[in-house]
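Undergrad: Here are the chains, one letter per residue:
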Amino acid sequence: DGGITQSPKYLFRKEGQNVTLSCEQNLNHDAMYWYRQDPGQGLRLIYYSQIVNDFQKGDIAEGYSVSREKKESFPLTVTSAQKNPTAFYLCASSIIQGLNSPLHFGNGTRLTVT
Amino acid sequence: AQSVAQPEDQVNVAEGNPLTVKCTYSVSGNPYLFWYVQYPNRGLQFLLKYITGDNLVKGSYGFEAEFNKSQTSFHLKKPSALVSDSALYFCAVRESDGNNRLAFGKGNQVVVIP
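Just so you know, the sequences run in chain order U and G. Note that the numbering used here has the first sequence beginning at 1, numbered continuously upward. Note that the numbering used here has the second sequence beginning at 1, numbered continuously upward.
Think of the hints as simulated: they come from the structure by calculation, not from any bench. Since the structure is predicted, the reported quantities are computational estimates derived from the model, not experimental observations. It is possible that some hints are incorrect.
As the list claims (entries may be wrong) - Okay, derived cross-link-like pairs now, DSBU-like style, lysine-lysine, Cα gap no bigger than 35 Å in a straight line:
| id | chain 1 | residue 1 | chain 2 | residue 2 |
| --- | --- | --- | --- | --- |
| 1 | U | LYS71 | G | LYS106 |
| 2 | G | LYS49 | U | LYS70 |
| 3 | G | LYS22 | U | LYS70 |
| 4 | U | LYS57 | G | LYS69 |
| 5 | G | LYS77 | U | LYS83 |
| 6 | G | LYS69 | U | LYS9 |
| 7 | G | LYS77 | U | LYS9 |
Model the full assembly from the supplied sequences, consistent with the hints where possible.
TA: Encoded structure:
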C-alpha cells in the first residue's frame, strides 16, 4: 500500500539534545511538508520541500532543520535551539503542481523533551 | 496570506442529529478548500475538497460541505451524526498563487453523544 511512514511513534529526549524524526513516502509525490500540532493551535508549517535538494522555511522554522536528499525522504531535526520542542509532529506529501490535490499525512511522531 | 477561522472549540451533537462544523476563510485569489478529520494520535485524513463548480461538495463517510462565496464560508455537514464521527475536524485553504502551501484552522472537536 502507498503511504507515508513516520518513525518512531513516540520519542523521548533530554533537553539540549538534537533529535531527528523520520518521514518516508512511497506515493511518488514531489512535495513534502512538516507540521507541528499543539492543542488548540491547529497545524503550523515548519518546513516544506517541492523538489529534491531544495526546501523552504514555513511559519515556525526556528530551531528546526531538514534535508531532502531523496524524493522519498524528508527527515526533520529538532535542535537544542528550539525553545519548546514537546509537540506532535506530522509529515505530509502532495503532488507538486496539484493545487486541488489534498495532502496525505503520516500518523505522526509525539516528541517529549524533559 | 491565506487564513482559516473555525470559530467553535467544540461541537456537541446527539447521535442521529445533523452535524455542522463551521469554517470561514480569507484569500486574495480563488480558494481551494479542504476538510480533514483526525482521530486521537493519528494523522489527518482527507474528507472532501472544493475547487470550482457546484457549491455543495460530497465527500467521504457521508460528509458534505457547502461553499458560500459571499460569506467566505465552507461549513462541513452531515445529516445524521454517528458516535464514530467523534473526532477533531480541520478546515484548510490553499491560495491559487502557486506556492502550494495549505493554511489550517485550529480545529473543532466534535463530540457525538449516544
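Undergrad: Now, for every hint given, state plainly whether the structure supports it.
TA: Outcome of the hint check:
no.	hint	in the structure
1	U:LYS71 / G:LYS106	holds, 30 Å
2	G:LYS49 / U:LYS70	holds, 29 Å
3	G:LYS22 / U:LYS70	violated, 39 Å
4	U:LYS57 / G:LYS69	holds, 31 Å
5	G:LYS77 / U:LYS83	violated, 39 Å
6	G:LYS69 / U:LYS9	violated, 40 Å
7	G:LYS77 / U:LYS9	holds, 32 Å
Hint compliance for this structure: hints 3, 5 and 6 are broken, all remaining hints hold.
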